[in-house]
Amino acid sequence: MHTVDRRRLLAGGSALGLAAAAPRFAFADEAVKPPVATVRMVTETMHGVTITDPYRWMENRADPEWMPYLLGQNTYARAVLAKIPGREALAAKLGAVTGKVPAISNLQPAGGKIFTEVRPAGANTFKLYVRDGVHGTDRLLFDPDALATADSHYSLDYWVASPDGRYVALGSSPAGSENSVLTFMETATGKSLPEKIDRAQFGGVSWTPDGQAVFFNRLKEGTKHGDIDHYMDSVAWLHRLNTDPASDVKMLAKGLDPAVSMNDIDTPFIVAQAGAQVVGGAVQNGVQNEIELYGSPLAAAEAGKPVWTKATVREDGVTGAAFFGDDIYLLSHKGAPRFQLLKTPAATPNPATAAVAIAESAAVLKGVGAAKDGLYVLALDAGLAKVMHLSPAGHATTLRLPYPGAISTMVTDPLADGCWFVLDGWVRPQVVCFGRADGTVTLTDIAPKPNIDVSRYDSREVTVKARDGTMVPLSIVYAKGTKQDGSAPLYLTAYGAYGIDVDPGFGPRILPWLDLGGVYAVAHVRGGGELGEGWHTAGQKLTKPNTWRDCIDCAEYLIAQRWTSRGKLAVEGTSAGGIMISRFLTERPDLLAVAIVRVGDSNALRAEFMEAGPANVPEFGTIMNPTEFKGLMEMDGLSHVKDGVSYPAVMTTTGVNDPRVAPWEAGKLTARLQAATASGKPVIMRVEMDAGHGLGSTRKQRDDESADTYAYILWQTGDPRFQPKGREG
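Here this note's numbering is used: the first residue of the sequence shown is -8, the next is one more, and so on.
Keep in mind the hints are simulated off the structure, nothing from the lab. Check the hints yourself; a few may be wrong.
Straight-line alpha carbon distances no greater than 35 Å define the calculated DSBU-like cross-link-like pairs of lysine-lysine that follow [unchecked claim]: (1) Lys532 to Lys456; (2) Lys456 to Lys296; (3) Lys91 to Lys24.
Quick list of the computed label-pair ranges, beta carbon to beta carbon [said to hold, decoys possible]: (4) Pro336 to Lys241: 54 to 60 Å; (5) Ala83 to Gln714: 39 to 45 Å; (6) Lys691 to Thr43: 53 to 59 Å; (7) Gly266 to Gly472: 50 to 56 Å; (8) Lys471 to Lys301: 53 to 59 Å; (9) Ala53 to Ala237: 30 to 36 Å; (10) Ala70 to Asp142: 50 to 56 Å.
All values derive from a computational prediction rather than experimental measurement. Positions of the beta carbon are idealized from the N, C-alpha and C atoms, including for glycine.
Hey, can you work out the whole structure from these sequences and the hints?
What follows is the structure, encoded as structure tokens:
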């Protein structure tokens, strides 16, 4: 409850998508062909609607045709990409740029130390460092590269230092699987404690105030990737350091305590905060943002015998909380779509009688953390970050940020004054700042300075009128001097799910794209959280069409304003953004030259049956509900592909170890488009064999993906520098 993370689902910001009216290009070497997927038609009737699925067999990973098909598509994609001139030089340029730009993804002050997760300049993975105080020297504490094998890389998935800074709990996993193993390390020596705890994918580690035990979430025993119940019935445990995990104590689970109501897809976490005499038990319903919150006396929880009392229900609209003094502060959107901060006694919490500590305003409240000198609240105001300090007496002060931008991480220490946060912008690299109660902010040297000139780039924020009159925020990033004459290839991306906002974060991988004359744009479509909970629910379930239609309307605006033109437009959607791009592609293929469906959800009617599917029901709906079924039918890109349509060039991507969007979604969409399109433009499926959803991918993997994506787009949009020899058109 003391850390606020901007969840960057666009893992590294490394992909692109593109648009329509380019001439047909064909390889001189016609021997390069994709594998043809076997059709085994499945027909079923649901709620009076007949559904056909020619590729249902792909959902069975054990099917003997699946892996050859996957490998064959990847071989074809790599052959296509390898033939594009300029691709290798572009990859080298990307590697040179990202190699100059270190990145910080998280930090934590604890016990007078500063812990940071940094990918140093030139490094391939993020590593954990520690320094004594703000002016100390960074010391490497954990390097996932030390665990790598000849066949697979490792990634650091999460970590949390104990309140006194003596220990660090960390989760790591191989090959982008996110299948974390939880371990513990002594900060002073770097020595690992003997216990290793598997099935700790979500972790959610929270230390007891004495630093001798942790609360954490663990998946059930016997679960494995691919099972539809993989994430069901997880348990929050208490683990004491230097003990056998077999002796861990169940603290929060379905059916464990009659005072706690939980269902199969609920995920429980326990949060302890130094200085507080109550621990919070947070129960999250799948991916739903609203939590049910329970409280227990700290002493009872530390003894492994919590006494839970319900504090909030999901209808209270609570998405975050922090303890301060004898009170608990709740971030809630009930009756306040842009959120308000409520204050209620921690011993007897009641949102209905809570006092309003910060009222709803034009700024959207995003998170709250407790420090020794009060509360620090993160907000989003007109698309830009805002940080406020709330004193114990209830007086709010706005901190003076060094420049307008976005905050990816804000962290407080309940035992120390002030707050720490990472600030950046579309064309401003990351800096680590320290904010104080009086509103002053100090820039620190904690974030390594990049060896790169960003002065030649600029950005612009506009709003676009959607077809129903709603004003949609749109960000445009470009190199200074770019002509607004319709000649530029443009990469447009949108997400629009879970109430997640796509903030103005610095992405060095877009710089080579801008240097090549391209424009980058982000449509902040409905379904995201940029304008509060109302913006989220306006792109959810039956209102989901707003998500892709907002993006279509933004694309038409960009064409009308001559930022690009038809045949020069690229559109990409990642993960849940796959719904957006697969429906953009099937609803308005005429606007696109290239569509990039990046680890994307394109088969919403069947997504419920993959391992992460049940948890997503609160966001997208279930086919079991007749009304929600209609919404899923509408957002299912696969079922909207029609034979004989001139589709643009398409690149789908997936990772073999993806635990969030099953590879068969990309497999099905690729096969269907290859069979249906009448344009003669390529449809390829790029597969990462040593990766998953992208969160654990290495810098080089992301650089290579970006090089392939940019080269593919520039080829299809007619850039003469990227045209293979022997083409017609």
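Going down the list of hints, with the structure as the test:
The suggested pairing of lysine 532 with lysine 456 holds, with an alpha-carbon distance near 22 Å, which does not exceed 35 Å. As the CA atoms of lysine 456 and lysine 296 are separated by approximately 55 Å, the hinted pair breaks the 35 Å bound. The hinted pair formed by lysine 91 and lysine 24 fails the criterion: a straight-line CA distance of about 38 Å is larger than 35 Å. Against the hinted window of 54 to 60 Å, the Cβ-Cβ separation of proline 336 and lysine 241 comes to about 28 Å, which falls outside the hint.
Against the hinted window of 39 to 45 Å, the Cβ-Cβ separation of alanine 83 and glutamine 714 comes to about 19 Å, which falls outside the hint. The given range of 53 to 59 Å is broken by lysine 691 and threonine 43, whose C-beta atoms sit roughly 41 Å from each other. At roughly 54 Å, the beta-carbon separation of glycine 266 and glycine 472 lies within the given 50 to 56 Å, and the hint holds. At roughly 56 Å, the beta carbons of lysine 471 and lysine 301 sit within the given window of 53 to 59 Å.
The supplied range of 30 to 36 Å is met by alanine 53 and alanine 237, whose beta-carbon atoms lie about 32 Å from each other. Between alanine 70 and aspartate 142, the C-beta spacing of about 23 Å breaks the proposed range 50 to 56 Å.
Hints 2, 3, 4, 5, 6, 10 from the list above are not met by this structure, while the remaining hints are.
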